[in-house]
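Listed below, chain by chain, are the residues.
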Amino acid sequence: MSLRLLRMMLSDGLLALLRGRGLTAAALLIITLTFSVSALALLVAGNLAAAVERNGSPGVFRVYFNEETPDGEAAAAARRLRGVDGIAAVTLVRAGQARDDFLVAFPEMSAGVALLADNPFPPHLEVTVAAAVDEAGQRTLRATLGDEEGVVAVLGDDLWTRRLLDLARLIRRGGLATGLAFALAATLVVAGVTRLSLASRRDEISVMWVVGAPRGFISGPFVVEGVVLGAGGALLAWAAAWGVFRLASVLAEAHPLLGFLALAPLPVSSVLFLVGCAVVAGACGAILTVYQAARA
Amino acid sequence: MYPQGAVALRDVSFHLEKGGFAFLTGPSGAGKTTLLKMIYREERPSEGSVAVAERETGRLAVSQVQRLRRRMGIVFQDGRLIASRDVFENVTFVLRAQGLASRARKERALTVLRQVGLSHRMRSLPRQLSGGEQQRVAIARAVAADPDLLLADEPTGNLDREMSVEIMEIFRRIHGRGTTVLIATHDPFLLRKYRRRVLHLEGGCLTDEGTS
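If you read the sequences in order, they're chains A and B. Quick note: our numbering has the first sequence finishing at residue 296, numbered continuously throughout. Quick note: our numbering has the second sequence finishing at residue 508, numbered continuously throughout.
Chain B on its own, in the form it takes in the complex (with noise of 0.2 angstroms):
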């Protein structure tokens, strides 16, 4: 709940296994990024818990919620790359961030373009990327750093089927790599192509629970 009274979420409650593939779905407004965002504790449910790896988010130390995060991957709806950067840093700065040294940032960040296949747009700055690709480093970003859950948030929003199919076919990838996913997206079509554990949001409550 809001401090406004408006009611983000209510009796939601699920339960991700490791290794674990699903789409969280639903209307605009149905409350998906605001659960993304307790699942990474940018927001803090005002009853109830949040537990990622077996620890309640609620309790961490923020210390602690930052070494949490350091082992997710975040795909934002809007890409969130920093317009100053070019693609190669916008990658190896989450790297640095988790303390690696120069020459294993730029393997890293090289590996992770590659399988996006940006490696050849590496000095460019997002404005000069389409949608799709800003999409890809994005993910690129969240992956880079080979995290235990990825989360993304209408990764495929803005982009046409093709792209999003290709940008889908990247986390399944990571999906078989070991690592959990869970992708918020209000596509049908993606929903019917890849047939996973579907959670869905409508008006803040989880009314449905199946596979697509």
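The shape of chain A in the complex, shown without the other chains (with noise of 0.2 angstroms):
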């Protein structure tokens, strides 16, 4: 195809979609609202999944000693678990360490631990649960856990963060299922707007077809059409999500209880993912009505 070919298929695509601003300005919305829909949805489970690995640290298990309990014993049930099935890592906590890692989280508390004659801090392990194991592997393996000499508490439970996780996975996989759906839903679209505008243009096409046109002149500015209310659409719902974004952004940081969320817009790959499913299904609306009228 020749650049000149693909400038004129250009202009004349731009042309009509000006020309027909209506319709246009009617398709592009609808586009965009189908292509919200999995845009927020994208930006919600990647929010929230974001949130979740923030601040739930999934798989881990701490595992508190009584107070009597020495560093050396607990060393030894370290060893003991690293052969555990389903136990990824096991990391040894001792009673000094916990002291300082209390004192770096509440610093304000210093002077009163400095009162203290002994170390109240028993030591602790946090154990990393394999990523195979699942909820009922989770439950026999914090049994086992708390079967351990000198345990008093096993805590971490996790559960709750592999739910949201879950969800977030769902929601996802939900908003590129939708992505997809809607995608259907712009071909149609743009076969109608395509059809409105082949009607419309009916004469000249006629002529054009008689005086020798070849055909990608002919069906090119068509398809430009389609390409260019596909990809506006899923632009302005990237747009759309951005400004969603920017709003949770204000009232995340105006409420104290959300600070946790540390929101982020819509990752590069998922605006990809909308505009190229939106660039194909507006291409194919188009290529196929404009195959049925050649054939018809």
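There may be inaccurate statements among the hints.
As the list claims (entries may be wrong) - With beta-carbon atoms standing in for the labels, derived distance ranges:
| # | chain 1 | residue 1 | chain 2 | residue 2 | range |
| --- | --- | --- | --- | --- | --- |
| 1 | A | L29 | B | E403 | 39 to 49 angstroms |
| 2 | B | A379 | A | L167 | 54 to 64 angstroms |
| 3 | B | G506 | A | L5 | 43 to 53 angstroms |
Read the hints as simulated data drawn from the structure, not as lab findings. Ideal Cβ positions, reconstructed from N, Cα and C, are used throughout, including at glycine.
Put the two chains together into one complex, using the hints given.
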């Protein structure tokens, strides 16, 4: 395809969109609305997963020993647990380290801690659960950890974080699936617009045909129209998602309880996915309609 | 023959040499338009063959047909101008289809519009023109790409005598530059005035061939 033909297709396609600006606006609105659902789903899923991963420490149990347990016994327990199925890693946090961690986390309490004659913090273990362990396996593992000598508490039940991550994954998959489903809807919208555009330019096309215009010259502008409508709709949907993100960010910053969210906009990969779907949908809608019309 | 069984043309055989000029005559419904359509392959014969520039059109692929059409200029009975585009655009859009660059299109369109005496109406829409002017735009469009073969279907059908002569003079000038011209008409005045080869169709059959 020559550059000149491509330029002609582009200018004719854009001109046709401008001429039928009412129809163009309506089609853009519909495509934007459909892709906005996917964009918002991807935005929510991404931020939910990030928030859970940041705040939830998924797959980690904290195993606390009683105050009398010396570091040596805790270390022996750590060695034993490293051989247990379903455990990916065991980190020993000695009593002194536990006190230092506490002081870093709560510096305002340092004066109070300094007054104590003995270190009140017992040693503990941070047990990372293997990714393949399911909910039932986690419950068994939790019981195993609790049975260790000197253990008084097993904390860090991560079931809720796993569930939230599952939910985030579900929303993301839903977003991707609706993205594909809405791409089909966008294809139909573009097909409808192309059909109307073909009808309004029937005379022009028939003259083009008999004067020997190449196929690409005749159908190209319609494909350009479809691609521009699809991509435009997806970009507007992305802009809408960006607007929602900015609004949510402002609200989160203003509300102290939502500070942990640290929202992020749609990642580039998601934007590219949406625009890609929309471009393919627009091109397919236009090509199918032009092909149908040519056969008729 | 059309699918419903109606016969449009039967036993029509003729050869128009390169650079020739001929009239295709006959009453309404004789098959003149169908014959022209077969030449630019908008219609295909159910039997027999049509060859243009020594190529049998029935055997050509779509892209080859389009290439062949780009070497032809066609003036339709009803002009078939694009209502939404002005005179200049009506001419240049054919040149765009031929792949001409913008500057070359402009120059060529201006030249042919000057030739048909319409350079002052470039920005007018077809509906703002008289029937004769519209027909001249259609001729300008047909000759803009400097075709090897010019087909005209009743180009003077709705025009008065003076305007018909004016348009025939344009065809004569185009023919003078080496273009092969075939004009379908049933205007006896033109046949008498311009003594050329005549192909007479009646009831779909070529009944007579001679000079007017």
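Hint check results:
no., hint, verdict
1, A/L29 <-> B/E403: 39 to 49 angstroms, "holds, 43 angstroms"
2, B/A379 <-> A/L167: 54 to 64 angstroms, "holds, 58 angstroms"
3, B/G506 <-> A/L5: 43 to 53 angstroms, "holds, 46 angstroms"
Violated hints for the displayed structure: none, as all numbered hints are satisfied.
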